[in-house]
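Protein chains in written order, with my numbering: chain R, -14 to 483; chain G, -14 to 483.
Rather than coming from a laboratory, the hints here were simulated on the basis of the structure. Treat each hint with caution, since some may be false.
Since the list can't tell identical chains apart, any single copy or any two copies may satisfy a pair.
What the hints assert, rightly or not - Here are the computed lysine-lysine pairs in the PhoX-like style, where the Cα-Cα straight-line distance is at most 20 angstroms:
| id | residue 1 | residue 2 |
| --- | --- | --- |
| 1 | K175 | K480 |
| 2 | K205 | K27 |
| 3 | K27 | K212 |
| 4 | K0 | K481 |
| 5 | K467 | K324 |
Protein chains: 2
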Amino acid sequence: MPGSKSTAEQYADYKLKMQKIADVRNAIAVLGWDQETYLPEKGAGFRGQQITTLSTIAHELFTEEDLGALLQDLHGNPALDSVQQKNIALSLEDYEKNKKYPASLVAEISEATNQAYHAWIKARKANDYKVFEPALTRMVELKRKETAILGYTDHPYNALVNEYEKGANTTMLDTIFAEVKTALSPLLDKISQQSPAKRDFLHLHYDRNKQWQLGIDILKEMGYDMKAGRQDISEHPFTTSFNPLDVRVTTRIDENDFSNMTWSCIHEGGHALYEQGLPQEQYGLPCGEAASLGIHESQSRLWENNAGRSLAFWKFQYPRLQRTFPENLGNVSLQDFYKAINHVQPSLIRTEADEITYHFHIMIRYEIEKGLIDGSISTKDLNHTWNDYYRQYLHVDVPSDTQGVLQDIHWSHGSFGYFPTYSLGSFYAAQFFTTAQQQVPELEEAIASGNYQPLLDWLRNNIHPFGRYYTSNELCEKITGKPLQFSYFLDYATKKFV
Amino acid sequence: MPGSKSTAEQYADYKLKMQKIADVRNAIAVLGWDQETYLPEKGAGFRGQQITTLSTIAHELFTEEDLGALLQDLHGNPALDSVQQKNIALSLEDYEKNKKYPASLVAEISEATNQAYHAWIKARKANDYKVFEPALTRMVELKRKETAILGYTDHPYNALVNEYEKGANTTMLDTIFAEVKTALSPLLDKISQQSPAKRDFLHLHYDRNKQWQLGIDILKEMGYDMKAGRQDISEHPFTTSFNPLDVRVTTRIDENDFSNMTWSCIHEGGHALYEQGLPQEQYGLPCGEAASLGIHESQSRLWENNAGRSLAFWKFQYPRLQRTFPENLGNVSLQDFYKAINHVQPSLIRTEADEITYHFHIMIRYEIEKGLIDGSISTKDLNHTWNDYYRQYLHVDVPSDTQGVLQDIHWSHGSFGYFPTYSLGSFYAAQFFTTAQQQVPELEEAIASGNYQPLLDWLRNNIHPFGRYYTSNELCEKITGKPLQFSYFLDYATKKFV
């Protein structure tokens, strides 16, 4: 009889149930981390099965009728404080969304994803989009089905993007990407008239162990708590969190590419600082989770680009870097180094793109996704559609499907609506960083002397402790006084690159 | 309606349920492995909570009424083959045992264990048994309660030892330890009249990386599949298995003690070969699990001692070892090395004991445990009781509680009845190895040429593939034609040491 319990007891029950679910989900995250770092080759099959079992258990726990009743009971209860009310409201929202999925659809999506992933691998090997096309077609159909089940206003794509970025929609994205087009295109033209930066010294031989140590040093200097985390090597760098006291990053090292490890390290460090800064006492509850993917990405990009590719940052770091790699950088000036690491040039691969052209890559994916979901673009010959977009926006010819439509894993995972959060992350980062500069006058000077504490303090005061209490846009308004505005990024980019 | 399903369908349901439980338990094992190898310091608290949650889920799944009904339904069904029948019978036994524990007792034991563990840590730091005494007293009371719940014949200790070694009991253990006393004591006297072996060269400086590589090389040579496992560093060496295709070992390296890493590596390798040799298709089912702790230990000790401390083994390994550490071993003959690694001398610490005196350490723990459980020995002043035993059987004076009654973690874990399996392991190992020597005449010669395949083949044919199909004693009779007999160990020890 839930009615016979006090509000405090009911809330405690809710918390316990949610923490149990979080424990299972975080165990899955540990299994995933292990899979990417240390799993022996032959263990992959059983590991997949173990993860599926735990995922099913987590889903079962989060669709239990008892939990639903408890959430209904607590929803809007004025005896709860505002954080508690927010937790209940968000959990109820998540719960109801979860309940919408019929078990048959969950199984179908899981099966289709698995199939699409393998088709994507095969297609990449064959360098032939046709091999992926049937699986992608099925995936798009399922995603359209999903939009109908989830419900949406205005455009079916909104149902999907909301999964990653609550409140984002095609109206907002259309506006922002229109600005990308109208403002960044002329900027890009201007930049391409500059004399190209010398970059060859970034591709000399950089010793693996020295790179590793450099990454660790920078992470520590950023304020990443090594006693509540660790760095390992994996094929693709990522951040994973099991709770705010165990947040792990990975990196990869290419001995012939200095940039590869360095900025991936700073990028993942930004994600990790966010996770380490989430409130421990909210473990398992919405207010203990990241606000959104866009906000998460704003943290990684703020550190990677606004701080980590700034002249101030390297004023401090560069002399040490020269001492570490005197044979490569001894005769390279700070200015030349700075220019090299901020070189802008249209290219084919999103993950290797610079700060400006990156957003054209995202815009193309956004337009294609939107079209696939509303039916105005077909999966048939999507490689040609893709190549047309690249010719139009980036003026590059895509020589092969693996360098084109097959380059990203996302669609094979069924992650439609995810890409826009990358751009939103950069734009939030610019708006946040500008605000931090205004509010903390000594910020740049501190960064230039290797002291990142003022920046971290600002983030720890303004962003990290709130979890999902505010939506991305509420958070942005709260911090900067304005909703997300592209102009911050444009100002930042113009100042930096022109 | 289970009745409407065919036997094959019911068995498939059973298998699916058991594999789900196994997935959860193996996820716990991964969390445990991570805890001992890579977990950042601050992550320990949340990790404990995550493990508790998954343990509760595993327990809930393994006490579900549906599973019980299914097992009852399938039990004794003649349409099942003999392996299937055995699986059902053993699962039903495990299930019924699990059901006997009231949830309140499970929680009480879990809480008491946690408390006892911390009291043990504290007592060790203070070097004072009194600090541990109250927690141990409570633990013994709970264990006595457990024996009443589980039920037993003859002696309450039988209920506990059966948890680790089905079929073992005080009658059998009393007999075997009486033989230890009457036969090993005079043997020990004889050995102590020999001139002591020179051992100082084992404690020179042995480079960490070279030791690591030596361990890896030996593991590979033993036949441990590195693509279905890996070695890492931990404070205490252990083996853990998530399935036969992911069996991991750990080791530790002391640069001033050659023996430490080497034989722990071979020992864990023996455990790991057993786990890698269990039948994959029985994953999650009793016939996919190790027969017992005694049989598991027989595998590690057979490799560590019967093979790994034999003259034949080092005939091949020693020249390479001399080349790796010429500064330490260049002038040490194989004979002197062999003597040094087989030096027998009564000592205080079980884990550092030689092959002979080791069993006195176990006998003491066995006699104390039995007495604590039947009430003939009190936890009051147990340190003095302990020291009296050591004076009587090993003729050594225990200078402090940490080197005495506080040295082992087992009692703080509530693991009463576990210790005897260590001795049983050695005795099974002697009986198995002697049989293998008789059945494979070229065995010793192969070992002496660094070829361990004939030994592994024999184990893979006779022991590994059966899982829990046979009990320890059934297995022993099947392989050697006789039940466990101490005489095999005595013969082995006499031949080797006198």
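_Non-conforming hints, listed in increasing numerical order_ = 4 and 5
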